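Using the supplied hints, reconstruct the complex from the two chains, each of which is provided in its own coordinate frame.
The listed protein sequences derive, respectively, from chains A and B. Going by the working numbering, the residue at position 118 of the first sequence is 118; the numbering climbs one at a time, nothing skipped. Going by the working numbering, the residue at position 142 of the second sequence is 142; the numbering climbs one at a time, nothing skipped.
Careful, some of the hints might be misleading.
What the hints assert, rightly or not - Just so you have them, the derived chain A footprint on chain B, three or more residues with Cβ under 8 Å: (1) 64-77; (2) 85-95; (3) 100-114; (4) 120-132.
To be verified - Heads up, incomplete: computed chain B residues facing chain A, CB under 8 Å, no partners named: (5) 24; (6) 117; (7) 169.
Keep in mind that the hints were calculated from the coordinates and are not lab data. In this text, all values refer to a predicted model and were calculated from it rather than measured experimentally. By construction, the Cβ of each residue, glycine as well, lies at the ideal position given by its N, Cα and C atoms.
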Amino acid sequence: MSVALGGGARVRNTGWRLFVQAMRARAWVRILGSLRESTWIVSDAIFPNLGMCAFVLMYRALGAPRSFEALAIIGGILTTYWMNVVWGMGAQLYWEKQQGQLQLYFAAPCSRLAILSGMAIGGLAATALRSLVGVAIGVFVFHMQVAPFSPWVLAGVFLLTMLALYALGMCLSSVFLLYGREAWHTANALQEPVYFLSGLYFPIRTLGTFGAVVAGVLPLTLGADAIRQVLLGPAAQPLLPLGLEALGLAGFTALFLWLAHVLMAHLEALSKREGRLTQRWQ
Amino acid sequence: MSALHDPARAAAPAVEVRALRRVFKGSRGSPEVVALAGIDLRIERGEVFGLLGPNGAGKTTCIKILNTLLYPSSGEAHVAGFDVVKQAQEVRRHIALVSGGESSGYGILNVRECLWMFSQFYGVPSAEAGPRVDQLIDALGLSDLAGTRINRLSTGQRQRMNFARGFVSDPEILFLDEPTLGMDVNAARMLREFVLGWVRERAGRTVLLTTHYMAEADQLCDRIAIIDRGLVLACDTPAALRRSVEGGQHVELEVLGVPEGLTEVDGVPVTWGAPHPERGTHTLKLRLADGGRLPLVLRALEARGVAVRGVSTRETSLEDAFIAIVGRGLEDGESPA
Numbered sequence: 001m002s003v004a005l006g007g008g009a010r011v012r013n014t015g016w017r018l019f020v021q022a023m024r025a026r027a028w029v030r031i032l033g034s035l036r037e038s039t040w041i042v043s044d045a046i047f048p049n050l051g052m053c054a055f056v057l058m059y060r061a062l063g064a065p066r067s068f069e070a071l072a073i074i075g076g077i078l079t080t081y082w083m084n085v086v087w088g089m090g091a092q093l094y095w096e097k098q099q100g101q102l103q104l105y106f107a108a109p110c111s112r113l114a115i116l117s118g119m120a121i122g123g124l125a126a127t128a129l130r131s132l133v134g135v136a137i138g139v140f141v142f143h144m145q146v147a148p149f150s151p152w153v154l155a156g157v158f159l160l161t162m163l164a165l166y167a168l169g170m171c172l173s174s175v176f177l178l179y180g181r182e183a184w185h186t187a188n189a190l191q192e193p194v195y196f197l198s199g200l201y202f203p204i205r206t207l208g209t210f211g212a213v214v215a216g217v218l219p220l221t222l223g224a225d226a227i228r229q230v231l232l233g234p235a236a237q238p239l240l241p242l243g244l245e246a247l248g249l250a251g252f253t254a255l256f257l258w259l260a261h262v263l264m265a266h267l268e269a270l271s272k273r274e275g276r277l278t279q280r281w282q
Numbered sequence: 001m002s003a004l005h006d007p008a009r010a011a012a013p014a015v016e017v018r019a020l021r022r023v024f025k026g027s028r029g030s031p032e033v034v035a036l037a038g039i040d041l042r043i044e045r046g047e048v049f050g051l052l053g054p055n056g057a058g059k060t061t062c063i064k065i066l067n068t069l070l071y072p073s074s075g076e077a078h079v080a081g082f083d084v085v086k087q088a089q090e091v092r093r094h095i096a097l098v099s100g101g102e103s104s105g106y107g108i109l110n111v112r113e114c115l116w117m118f119s120q121f122y123g124v125p126s127a128e129a130g131p132r133v134d135q136l137i138d139a140l141g142l143s144d145l146a147g148t149r150i151n152r153l154s155t156g157q158r159q160r161m162n163f164a165r166g167f168v169s170d171p172e173i174l175f176l177d178e179p180t181l182g183m184d185v186n187a188a189r190m191l192r193e194f195v196l197g198w199v200r201e202r203a204g205r206t207v208l209l210t211t212h213y214m215a216e217a218d219q220l221c222d223r224i225a226i227i228d229r230g231l232v233l234a235c236d237t238p239a240a241l242r243r244s245v246e247g248g249q250h251v252e253l254e255v256l257g258v259p260e261g262l263t264e265v266d267g268v269p270v271t272w273g274a275p276h277p278e279r280g281t282h283t284l285k286l287r288l289a290d291g292g293r294l295p296l297v298l299r300a301l302e303a304r305g306v307a308v309r310g311v312s313t314r315e316t317s318l319e320d321a322f323i324a325i326v327g328r329g330l331e332d333g334e335s336p337a
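Chain B extracted, bound-state conformation (with noise of 0.2 Å):
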C-alpha cells in the first residue's frame, strides 16, 4: 500500500535521519575514514531536495545508506517510514536510485527492453508496464531510440535511460546521484523540468537530489542541504540560503593593464578571474557592500592605469553562499588549513 493511503505513514516524513555516521576501514593500514560525521536530516514529502557538496563531503554515503545499499555505523535513518536497516525490504518498495555515470542494463537489449525488464524487478504489472514506458520514452524524448541497443547508444542518450528507468517504478522517493552528469545542456534541462513536472503532477512524491550543477540544485530545490566531511554545515531554501551569507554586489570588471600585486582598490579586495588572451584583457572581481561604490572603485583602477572595459553586477549566487559556507567551492579539493 502506498503511503500516501496508509494513514499511519502518511504522517511520517520520506526521509528522517538522526545523528548518521559512517565510517570506512582505511585498507592497507591507512586510517578509517569518516564519511558520516552523525547528519541530521527531515525530508518531508513532496519536497525536491538537494544535497550538495565537494567531492568526498559524504552525499553518496549518505544516498547508499538511504538506499539501503550500506549499514551505517551509528544512527538512525527511516525512508518512507521504514528502518533502512530492519525493514531494508519494505524501503525498497518505495524508492528508486538514478546514479549518474552508471550503465544499468545489458547492451544486448534496446532501450525499450531494458526498461521493462527493471519495471519487472520492482513489480510493475504487466499490463501497466508497457504503457508506462512508452510513455516515458516518449516524454524524455527517447522515441527515435526505443528499438536501438544500449551498447550503440552515446554517453548522453544512455544516461536518459538510466534517468527513464528511475521513473519506471513510480517510487514515492526517488534518489538522483549528480543525474545529468555527462548530458549536454539541452538534455539536462528537459530533465529538470520532468522532475519538477511529475513532483508537481503526482502529489506526495519526493526527490533526494545530489548534483555538482549549483543552477541545477537553485532551479529544482525546495530546500537544500549544504555537507562537507560529513556534517551538515546548512539545511535551508536557496533563497535563505543566499540570504544567510553577506550581501551586497557582485561587480565583474573587465580590464586592460594590470598593476604587479593588485589585491585591493580603494580598500575594496580584488580577486583576479579568467583572462581574455583574444582581447588581451582580464577579469577583475570583487564586492561591494553598497553599490553605490562602484564609480569610486572605477576613479581608484584608472588612477592606477588600468582601463576599464566592461562592468557586470549580480546579486548573491547559490555558489556565493557555498563558498562562504564551505569555505571552498564544489570543484575544488580542500580547503587549506
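Isolated chain A (complex conformation) (with noise of 0.2 Å):
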C-alpha cells in the first residue's frame, strides 16, 4: 500500500514560529466553535446579561441617577469575559485532562504556554463577540449615556483589563488541573463573592475603604473601574486615579503570566513523577 505522503525530508518550524501557529491553531479552535454552537451565545451572551438589565432597571424604578445605569451595563459586559475566564479558561485543562486530550498536549513539542495563550486569544475573540450583544442591549435598549472619551484610551484600558483577566484565567486552568473537582467547587463557590467585590453592578467606592482595598486585589475590580471612568468621568465614583489603575492591571497580567508559566512547569513535572495528570481516572 502506498502512502502517498511525498518523500524527502520534512521541514518542521520551532521556536517562536511553533509558538504562534500553536496559539493561532488553539485560538482558532476557540472562535469557530463559539460560531458553530448556537446554544453557547443564549447561555453566554444571552443569560449573563438578564442579570445587568435586572439592574438597570431596579435603578430606573428606584430614581437613580442614569450614571448608575451604565455603571451596570459597563458590569454586565464584563462578566461574560469573567465567565469565560473561570468557565472556559479555568476548567479547560481539566476538561482536557477527563477527555483524555491532555497527555497529547504535553506530547507535542510546542509550548504549553502557547496553547494556553491560544485559549486565551480564542475565547477573548469569541466572548468579544458576545458581549457585543450587551453592548447593543445598553445603547439600544436601556439608552446609555456615556461622557465624552478618547477611543483610543479605552481601548487601551480595556486590553489591559482583558491581558490581566486571561493571565489569570492561565493561571487557574492550572490550579483547577491541580486540585480537580475541589478547585471547580471553590471557583463555583467564589464566583458570586467575585461579582460583589469586583462591584459589577455598583460604583465600589460603595463598600467603604476597607471593601475598596480588598476589592482592588482583583483584576476585574481594576478593569471595571478604569473603564467606568473612561466611559463615565467623575460619575463613575472612581476607586484610584486612573493611570495608577492601569498599572496595576499591566502589574497583574506580568504577575499572571509569570505564575501561569510556574504553575504549568510545576503541573507537568508533577505529571511525570506521578503519572496521574494525563490520566482521565486519575
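Structure, rendered in C-alpha cells:
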C-alpha cells in the first residue's frame, strides 16, 4: 500500500514560529466552536445580560442617576468575560484531561504557554462577539449615556483589563487541574463573591475604604473601575486614579503570566513524577 | 534537523533503554506498584518493533516514559538519540503517539480541521499541512468523512482519525499503543498495510507498537519483545520466537462423545477447547512432537468411545510461543502461583 505522502525530508517550524502556529490553531478552535454552537450564544451572551438588565431596571425604578445604569451595563458586559475566564479558561485543562487529550498536548513539541495563550486569545475573541449583545442592549434598549471619551484610551484600558483577566485565567487552568473537583467547587463558590467585590453592578466605593482596598486586589475590580472612569468621568465614583489602575492592571498581567508559566511547569513535572494528570480516571 | 541528516545522531538507535525502572506509589496505604522492573531495549532505525505483554505488564508505562509523559524511577531511556528526561523537548520534535481508544480533537471540529490543528502543534508549515492532511485522509479511507464533525463519528471512524493524526507530522519515531483497538477487521487490515507502506517508503522511520492482537504483531513487527511484570522475557524476530519454544504439530480434533476426566490419550496430554453446541461436538487440543503419531492417537480415541468428526493441524504460532514464555495468554490474568 502506498502511503502517498511524498518523499524527502520534512521541515518543521520550531521556536517562536511554532509558538505562533500552536497559539493560532488553539485560538481558531475556540472561535470556530463558538460560531458553530448556537446554544452557547444563549448561555454565554444572553443569560449573563439578564442580571445586568435587572440592575438597570431596578436603578430606573428607584429613580437613581443615569450613570448608575451605565455602571451596571459596563459591569454586565465585563461579566461575560469573567465567566469565560473562569469556566472557559480555568476549567479547560481539566476538561482536556477528562477527555484524555491532555497527554497529547504534553507530548507535542509546542510550548504549553502557546496552548494557554491560544485558549485565551480564542476565548477573548469569541467572548467579544458575545459581549456585543450587552453593548447592543445598553445602547439600543437602555439608551446608555456616557461622557465624551477617547476611543484610544478606552481601547488601551480595555486591552489591559483583558490581559490581566486572561492571564489570571491561564493560572486558574493549572490550579483547576492540580486540585480537580475541589478547585471547581471553590471557583463555583467564589463566583458570586467575586461579582460582589468587583462591584460589577454598583460603584465600588460603596463598599467603604476597607472593602475597596480588599476588592482592589482583583483585576476585575480595577478593570471595571478604569473602564467606567473612561466612559463616565467623575460620575463613575472611581476607586483610584486611572493611571494607577492601568499600572495595577499591567502589574497583574506580568504577575499572572509569570505565575502561569511556573504553575504549568510545576504541573508538568508533577504529572511526570506521579503519572496521574494525563490519565482521565486518576 | 532530521536525525537522518545529522551524522552524529544518525548512528544512534531509534530507541535505547537501559535498566529502566518505574515504580508507582500505592494509593491509600496499598503497596507500591513496580510497573517496570529494569528493562533493556534497543530498537534500530527503520524497525517495526512490537511490545507484547498481558494487561499490567508495563507496556504503556514504557511508552509513556519514551514519550516524555512520565519520569523513570531509575535507568536511562534515549529516543532519537536524546535523553527523555534531560532533552524532553528535543525528543518531542521527533516522535508522535497514537493510543487506542483515545479521544483526540474537539467534537465541534470536523476530521480535516482536527488533523490540521494537530499539524500546527507539531510545527508543520502551513503550506505543507493542508495537502498532507488531505493525502492522509485519502490514504486512510476518510475522504467521505473529511467534513464530518468528530462528535458524529463512530468509534472505529474516530480511531482511524486518531491514527491519521499520528502521521500528520511524519515523525521519525511513531509510538502506536493498541492502535487498532475497537476497529473492525477491514479497517485494522488497512491500517496495518498503511504502517508497512509508510515504513517502506519513508526510509529510517521507526514504529514501536503495542498490541493485543498476535496476528497484528506477527504481520507488522520485525522484532518483538515479550514483556511481563515489568521485565523483558524474550526479544527476537517473530520466527525466532516461534522456534524458541518446543516445536511439533498442534492438532485440534472435533469429537463426539466425551469420556469423564479425559486428560491424556496414548500418553499425549490433551486440553478441551470450545464446544460446538449446534453439532453436539467438542474441541480437543493436543500437541504432537512427532506428527506421525496422529493415527495412533485417533485409534486410541476410538477405542475409548470418542468419535472424531474433524481433524486440523497447524504449526507453532506466535501465541503458542507467547504462552510458553509468559505462562499465560494475552487476555488472561495472573498465572497460577
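What are the numbers of the hints that this structure violates, sorted from low to high? none
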